[in-house]
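There are 2 protein chains.
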Amino acid sequence: MKKRMSKAERQKELKKKLSNDPFFTDEELTNIFNVSIQTIRLDRLELGIPELRERVKNVAEKNHSKVRSLGGKEIVGELIDLELGKSGISILETTEDMAFEKTNVIRGHHIFAQAESIAMAVIDAEVALTGVANIKYQTPIKSGNKLIAKAEVVRQRGNKYFVHVFIYESQKQVFRGKFILVSMDKE
Amino acid sequence: MKKRMSKAERQKELKKKLSNDPFFTDEELTNIFNVSIQTIRLDRLELGIPELRERVKNVAEKNHSKVRSLGGKEIVGELIDLELGKSGISILETTEDMAFEKTNVIRGHHIFAQAESIAMAVIDAEVALTGVANIKYQTPIKSGNKLIAKAEVVRQRGNKYFVHVFIYESQKQVFRGKFILVSMDKE
DNA sequence: CTTGAAATTAGTACCTGTTACTAATAGTAA
DNA sequence: TTACTATTAGTAACAGGTACTAATTTCAAG
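Line by line, the protein sequences give chains A and B.
To convert, take the position in the first sequence, counting from 1, and add 32; that gives this note's numbering.
To convert, take the position in the second sequence, counting from 1, and add 32; that gives this note's numbering.
No lab work stands behind these hints, which were simulated from the structure alone.
Identical copies look the same in the list; a pair holds intra-copy or inter-copy alike.
Here are the simulated DSS-like cross-link-like pairs (lysine-lysine), alpha carbons at most 30 Å apart as the crow flies:
id, residue 1, residue 2
1, K134, K118
2, K134, K192
3, K47, K134
4, K174, K192
5, K174, K48
Using the sequences and the hints, build the whole thing.
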């Protein structure tokens, strides 16, 4: 980036640059755009772009408060009732970032994760592992809806548990699945 | 938090507090623990906890660069081969945060997500939705392993696609699933 | 009670990446 | 040439620290 571009162009570039990488200091930006630090600051002011620390904080806060939809938490959805070894209920508030951008339809694995999650929660064992699952999605679900998952232990044989999970969205069943979970209590 | 606790106790609390909420300034911490700011700084020094800005930056960086294992990206795993409408291959590098803390066994939905993802990728249609999936997990997978998913379109009827997905970990099959995907090209 | 070490507090200089402001200079179009 | 915009320069102040020195408090053991 040697050339000096026009103000408008520079600001457009600046905006883009910072939106997909907010970690630049003003000083680093002076080298990139080959203008003085004052110009950069003026640009940020005009564009309403906050300072580095604010930008970084925003990124951090966004990803911190998020219930870590998947991966982090051991349970997907909010556990609202649990009878260990028998049954359990969980609620999952679906959000935009669980859906396909174009259609707003919730991606299947989120629903699956909620189901798997509640299925494992009801098992009265330290650690469980999904062995086999026979699942059926019934309706596409748009983001913004609350999903209520009900799990029931239907049978137990040795360290194998058979759990049925049904997920509803405003009375309508939208998912059902049969999970076979294997406890691995003693290694 | 009125009481003055022992040094050891305070440091334990401090560590915990900052690990699940890194956004406190030293000054805020003085109020929480009812000690001087110097003590807080000494504690952080002894515990090797960096300053607020560093902590925030770390959170931001972690969640920024991360391939957003699930949710963000439209594809889970790295697409390495694709013949649209026919077949596709993807690789997923499993990491610790996809696994259960205690056992290091990868959580089922990550595997499912990879499978669903590659299944949808091979479909020659703008948007697809998982209709029915009949899946089987075969072996527990420890984190750190590479999963290779192969998807194949076996049949197409109207806007319904039948896709088989197999996932392997070093030659061994660890998952198989049959997906029925419904394209929703024209609303 | 006294002494000595650990723990805590105080205080200062300095650092980064800024905001907020004032003022000078360069570029450009009428 | 003039008027106006864009850019640059420079300074004071701020938050949230680091790094260091030094004083003060606490508290248990002799």
